[in-house]
Amino acid sequence: MTPSRLFRQPIVYVLFSLFFVAACAHKPRGLAGTSTKVDSANRAARPILLFEEFFLPSELHLFDHIKGARKLLDARMVVGQPWAPDGRAFLFNDESSYRAESVENYLTVFDLRSGETYEIDLLARPYSAFWSPNGRYLFYTLGTTVEPPLQLVLYDFMTKENRILTEVLNESVYFYLAGWSHDSQKVGFITKLNGQFDAYSLQIDTLEMRQVTDDPEIELHMQWSQTENEILVGKSNETEEWVLFATDLRSINELEFVMADGQAEPRRLANFTYANSLDWSPDGQTIAYTNLNDGLCLLHVTEETVACPEIATLSADDYSFTIHSWSSDSAELAIRYTKRHEVSCWALGIVNIATLDVMDGSTLSCHNGLAYWNP
32 MTPSRLFRQP IVYVLFSLFF VAACAHKPRG LAGTSTKVDS ANRAARPILL FEEFFLPSEL
92 HLFDHIKGAR KLLDARMVVG QPWAPDGRAF LFNDESSYRA ESVENYLTVF DLRSGETYEI
152 DLLARPYSAF WSPNGRYLFY TLGTTVEPPL QLVLYDFMTK ENRILTEVLN ESVYFYLAGW
212 SHDSQKVGFI TKLNGQFDAY SLQIDTLEMR QVTDDPEIEL HMQWSQTENE ILVGKSNETE
272 EWVLFATDLR SINELEFVMA DGQAEPRRLA NFTYANSLDW SPDGQTIAYT NLNDGLCLLH
332 VTEETVACPE IATLSADDYS FTIHSWSSDS AELAIRYTKR HEVSCWALGI VNIATLDVMD
392 GSTLSCHNGL AYWNP
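Here the working numbering is used: the first residue of the sequence shown is 32, the next is one more, and so on.
Worth flagging that the hints you see were computed from the coordinates, not collected in a lab.
Among these hints, one or two may not hold up.
The calculated label-pair distances, taken between Cβ atoms and stated as ranges, are [as the list claims (entries may be wrong)]: (1) 99 to 198: 15 to 21 angstroms; (2) 334 to 213: 19 to 25 angstroms; (3) 362 to 259: 18 to 24 angstroms; (4) 226 to 101: 46 to 52 angstroms; (5) 237 to 334: 36 to 42 angstroms; (6) 180 to 383: 42 to 48 angstroms; (7) 213 to 275: 44 to 50 angstroms; (8) 259 to 180: 27 to 33 angstroms; (9) 152 to 276: 32 to 38 angstroms; (10) 102 to 213: 41 to 47 angstroms; (11) 195 to 245: 37 to 43 angstroms; (12) 98 to 190: 33 to 39 angstroms.
Predicted model, so just to flag it, every value in this text is computed and none were measured.
Ideal Cβ positions, reconstructed from N, Cα and C, are used throughout, including at glycine.
Let the hints inform the model, and build the full structure from the sequences given.
Structural data, given as structure tokens:
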């Protein structure tokens, strides 16, 4: 499906910093239960965007084209895949302060149908977690610091049990969780083993671990296809010291598509792209990323072309773009952007890919953080 031709496109990484200020807030525990069966007829009827405004305290908001943007609750975003696969519930961190030193070992689920919340008891409160496509599991790591060994954990929504899948003797505190394969059979992650960083997949039933990449470059991005067992990997020629120090400045200069049979097809990216700006569309046809020279860029996979469309209301000369998130129908792209000379002010825009029209999806003009569309 993916072509093997190499191409080059100038990319410059984006410089930005996030300053979080928040106050502690704790929510009461709920009593509701959950279902792990995914029924397409019961999916959310329209795309809904969940986004964070790291204000005082941190807030979670929802956006859709009927109701617009509205605040939901004081809480923090769970990085990864916080949405249930039916798009009607999501995970959140009810400790809305980024300075909290001691928290209990659970995350909270918000049910959009009933408006109720309930907690799932984990072995630790994770920074990132991934709800499986079949709805049954939550994939996370044990602990907030990644001192060896790295412990990969599954929470089972049906049995309400936590299971440590494996322990990895990682050789660096840097790691990256990549979530689930489309069939909910494998999870992916990046860590340093045997002297180099590589991408790995882990079969959850047999616990067979497969090394997806094997090269001296540092892998900074790993993303599963939502339609087949294909993996997108982003690589960097930076040093490990830079990767650990410059958290917000990590950049990628090469993409690689890794097929189910292990064959790889590289896509060379000259210069730099900001690592957190990469996002592969659900239909597998387009990769969005940041090019500071041209603004938002779209890599069309099958046509082997790159387009950096002009968006009238968001000039590349005035704005820089960072985190992108695709809607489930691949028709819209949520982008987090800022004026270059106002790096403490981040806005949230929603781009219609067909028309390139953009609208403001936030309730405030600044302080917008991560955003995820429902599945």
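Each hint, compared with the structure:
Look at residue 99 against residue 198: about 46 angstroms separates their beta carbons, and that is not inside 15 to 21 angstroms. The supplied range of 19 to 25 angstroms is met by residue 334 and residue 213, whose beta-carbon atoms lie about 23 angstroms from each other. At about 21 angstroms, the CB distance of residue 362 to residue 259 agrees with the hint of 18 to 24 angstroms. In this structure the supplied range 46 to 52 angstroms holds for residue 226 paired with residue 101, their Cβ-Cβ distance being about 50 angstroms.
For the pair residue 237 and residue 334, the supplied restraint of 36 to 42 angstroms holds, since their beta-carbon distance comes to about 38 angstroms. A hinted range of 42 to 48 angstroms holds for the C-beta pair residue 180 and residue 383, which are about 46 angstroms apart. A beta carbon spacing of about 32 angstroms between residue 213 and residue 275 contradicts the range 44 to 50 angstroms that was offered as a hint. A hinted range of 27 to 33 angstroms for the beta carbons of residue 259 and residue 180 is consistent with their spacing of about 31 angstroms.
For residue 152 and residue 276, the Cβ-Cβ distance of about 35 angstroms falls inside the hinted range of 32 to 38 angstroms, so the restraint holds. Checking the proposed 41 to 47 angstroms range against residue 102 and residue 213 shows it is violated: the Cβ atoms sit about 33 angstroms from each other. At about 26 angstroms, the CB distance of residue 195 to residue 245 disagrees with the hint of 37 to 43 angstroms. For residue 98 and residue 190, the Cβ-Cβ distance of about 36 angstroms falls inside the hinted range of 33 to 39 angstroms, so the restraint holds.
Of the hints listed earlier, those the structure fails to meet are numbers 1, 7, 10 and 11, in rising order.
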